[in-house]
Amino acid sequence: MKPISRRSFIRGSLGAACALAAGSRSVAAAGGEPLATLIDIRKCIGCEACVEACHEANGDKFPEPRKPYPKMYPSRVQVADWSERRDVNDRLTPYNWLYIQHATVIIDGRETELTLPRRCMHCANPPCVKLCPWGAAYQEPSGLSRIDADICLGGNKCGEVCPWDVPQRQTGVGLYLDLLPSLAGNGVMYKCDRCYDRLARGELPACIEACPEEVQTIGPRRRILAQAQALAEKIGGHLYGASENGGTHTIYVSPVPFEQINAGSQYGPGRPPMAPVADQMKTGNRLAAAMILAPLAGAGAAVAKMLRAGQENPGQAEAAGSTPRRDASAER
Amino acid sequence: MPSRTTSPSRTLGRLYAATFGLMALTGFAQMPIFKRYYIADVPGLGWLAQFYVTHVMHYLGAALLLGLIAYAATDFLIHRGRAGRLTVSGAIRAILLAGLVATGGLRVVKNFSGVYMSAGWIVFLDLLHLGLVMAYFAVALWALLGKKRWTSAA
Chain A
1 MKPISRRSFI
11 RGSLGAACAL
21 AAGSRSVAAA
31 GGEPLATLID
41 IRKCIGCEAC
51 VEACHEANGD
61 KFPEPRKPYP
71 KMYPSRVQVA
81 DWSERRDVND
91 RLTPYNWLYI
101 QHATVIIDGR
111 ETELTLPRRC
121 MHCANPPCVK
131 LCPWGAAYQE
141 PSGLSRIDAD
151 ICLGGNKCGE
161 VCPWDVPQRQ
171 TGVGLYLDLL
181 PSLAGNGVMY
191 KCDRCYDRLA
201 RGELPACIEA
211 CPEEVQTIGP
221 RRRILAQAQA
231 LAEKIGGHLY
241 GASENGGTHT
251 IYVSPVPFEQ
261 INAGSQYGPG
271 RPPMAPVADQ
281 MKTGNRLAAA
291 MILAPLAGAG
301 AAVAKMLRAG
311 QENPGQAEAA
321 GSTPRRDASA
331 ER
Chain B
1001 MPSRTTSPSR
1011 TLGRLYAATF
1021 GLMALTGFAQ
1031 MPIFKRYYIA
1041 DVPGLGWLAQ
1051 FYVTHVMHYL
1061 GAALLLGLIA
1071 YAATDFLIHR
1081 GRAGRLTVSG
1091 AIRAILLAGL
1101 VATGGLRVVK
1111 NFSGVYMSAG
1121 WIVFLDLLHL
1131 GLVMAYFAVA
1141 LWALLGKKRW
1151 TSAA
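Chains as they are written, first to last, in the numbering used here: chain A, 1 to 332; chain B, 1001 to 1154.
Here chain A stands alone, though its shape is the one from the complex (with noise of 0.2 Å):
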């Protein structure tokens, strides 16, 4: 399998943009699939360049919050302030899209340090857009996923359906303001969008150009899921995002169980842990299945219950059939 540069990459997708002109559809259209990444964390320095690189591309996408806040009701409704602290970048923020996680793991007997890049994994099925009850969340056949900043109400569902906790909330600002600041929403969720402008443009996500070790590969995913696959096998390593909730457009390769990792990470609000995790959607797509079947039983109930009116009083239900009874008193 031939991996995919960053050059031939830009090449390629610049191609597609240029003759497609078509927004970030184009990248995808390219190949016919949604896009996915492959992380090497043995590559990984923890250098943070594409954590500042995120900020330089995506800060005109950060929110500047309206202040003094409206009062909310009920009292419970806490303020989410990240606009004093938007230099915090040891964990996810509306302000920090993407950090660096720490993790202590032993290799080959030695106690080791292992650092990687931490963001929206992407889900081939995203319960933020999924579930989001407003629409302001919304996936891409690039196989990214949005939050539009414009519409969300920062009602903060898409960050409990997240098995990752990924979308971060921010106060004072987007559509709330306008409708009842002080009874629904509460600002706007943000989180990786991986960099949809600049895919449109034919451009890498800016933490994938601007990693100095190449740590990120992005394409089709069939071709990243494959190339991971080798990789892991090469090296005995092990793979993350491939099946996680259903699958991923995130695909980290790591020399150690990612139970290790997990154990030697800190993790909790705004830090996404690295367990296992079930397909979060399987459940209600299964259910589908019912919708179409119910239906049927329910017409096939009503011919059976005919049927054997029938049987048991032919002449009565010939009658019932043919002769109209109508309600003289009832409305139209």
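Simulated from the structure, these hints should not be mistaken for laboratory data.
Every residue, glycine too, gets a C-beta built ideally from N, C-alpha and C.
Heads up, a few of these hints could be off.
DSS-like, lysine-lysine: derived pairs with alpha carbons at most 30 Å apart [stated by the list, open to error]:
1) K61(A) <-> K1110(B)
2) K1110(B) <-> K282(A)
3) K1147(B) <-> K71(A)
4) K1035(B) <-> K282(A)
5) K1148(B) <-> K305(A)
6) K1148(B) <-> K1035(B)
7) K305(A) <-> K1147(B)
8) K71(A) <-> K61(A)
9) K67(A) <-> K1035(B)
10) K234(A) <-> K43(A)
Just a sample of chain B residues kept apart from chain A, beta carbon distances all over 12 Å, derived [to be verified]:
11) L1025
12) Y1037
13) V1042
14) L1096
15) L1132
16) A1138
17) A1140
18) L1141
Use these hints to put chain B onto chain A, whose structure you have.
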């Protein structure tokens, strides 16, 4: 001897109302409001703040509701002579129900992996689904207060 049992149509009517109530409850629970407004703090209602639970419950309710609608519609068509015609309020409710089923169905499709829907369509569907259920409740209330039936039959 007079029967003390409830008639099948009345039982179905109650089941339909209960299912619709469940759908409305779990539908509104898709918005993060029940926790904010202490409703999920009421003993026994904590599940209303668990989004995956309410999502699955909404799907289960939808399956049941579709089964009931299909049963009633088929029964109506089979006995269309005896059942009479749809009344005005019945026709309005049927149209609103059809809209709810259609928009709900599209949202179910949207939730499958690999289905991409534009932001505009998602917002449109969400608002239309919400608007239809509000309209249905208004018409159902009007029908209840005015004792209006679905069909003109006795």
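How the hints compare with the structure:
The straight-line distance between the Cα atoms of K61(A) and K1110(B) is roughly 27 Å, inside the 30 Å bound, and the hint therefore holds. A distance of roughly 13 Å separates the Cα atoms of K1110(B) and K282(A); the hinted pair therefore holds under the 30 Å criterion. Between the alpha carbons of K1147(B) and K71(A) the distance comes to roughly 44 Å, so the proposed pair goes past 30 Å and is violated. Only pairs whose Cα atoms come within 30 Å are accepted, and K1035(B) paired with K282(A) is accepted, the gap being roughly 25 Å.
Distance check on the hinted pair: K1148(B) and K305(A) sit about 26 Å apart at the alpha-carbon level, within 30 Å; holds. For the hint linking K1148(B) to K1035(B), the alpha-carbon distance of about 36 Å lies beyond 30 Å, and the restraint is violated. Restraint check for K305(A) and K1147(B): satisfied, since their Cα atoms lie roughly 28 Å apart, inside the 30 Å limit. A distance of roughly 25 Å separates the Cα atoms of K71(A) and K61(A); the hinted pair therefore holds under the 30 Å criterion.
Annotation: proposed proximity of K67(A) to K1035(B) holds, straight-line Cα distance about 26 Å (limit 30 Å). Only pairs whose Cα atoms come within 30 Å are accepted, and K234(A) paired with K43(A) is accepted, the gap being roughly 15 Å. With a cut of 12 Å on Cβ distances, L1025(B) stays outside the contact zone with chain A, its closest approach being about 14 Å. A Cβ of chain A approaches the Cβ of Y1037(B) within 12 Å, the least distance being about 7 Å, so the stated non-interface status is violated.
The non-interface label for V1042(B) is consistent with chain A: the shortest C-beta to C-beta separation is roughly 14 Å, beyond 12 Å. Distance to chain A confirms L1096(B) as a non-interface residue, since its nearest Cβ pair spans about 17 Å, more than 12 Å. Distance to chain A confirms L1132(B) as a non-interface residue, since its nearest Cβ pair spans about 15 Å, more than 12 Å. Listed as outside the interface, A1138(B) is consistent with that label: its C-beta sits roughly 17 Å from the nearest C-beta of chain A, beyond the 12 Å cut-off.
Once the 12 Å rule is applied to beta carbons, A1140(B) is consistent with being away from chain A; the minimum gap is 14 Å. The non-interface label for L1141(B) is consistent with chain A: the shortest C-beta to C-beta separation is roughly 15 Å, beyond 12 Å.
This entry does not satisfy hints 3, 6, 12, going by the numbered hints stated previously.
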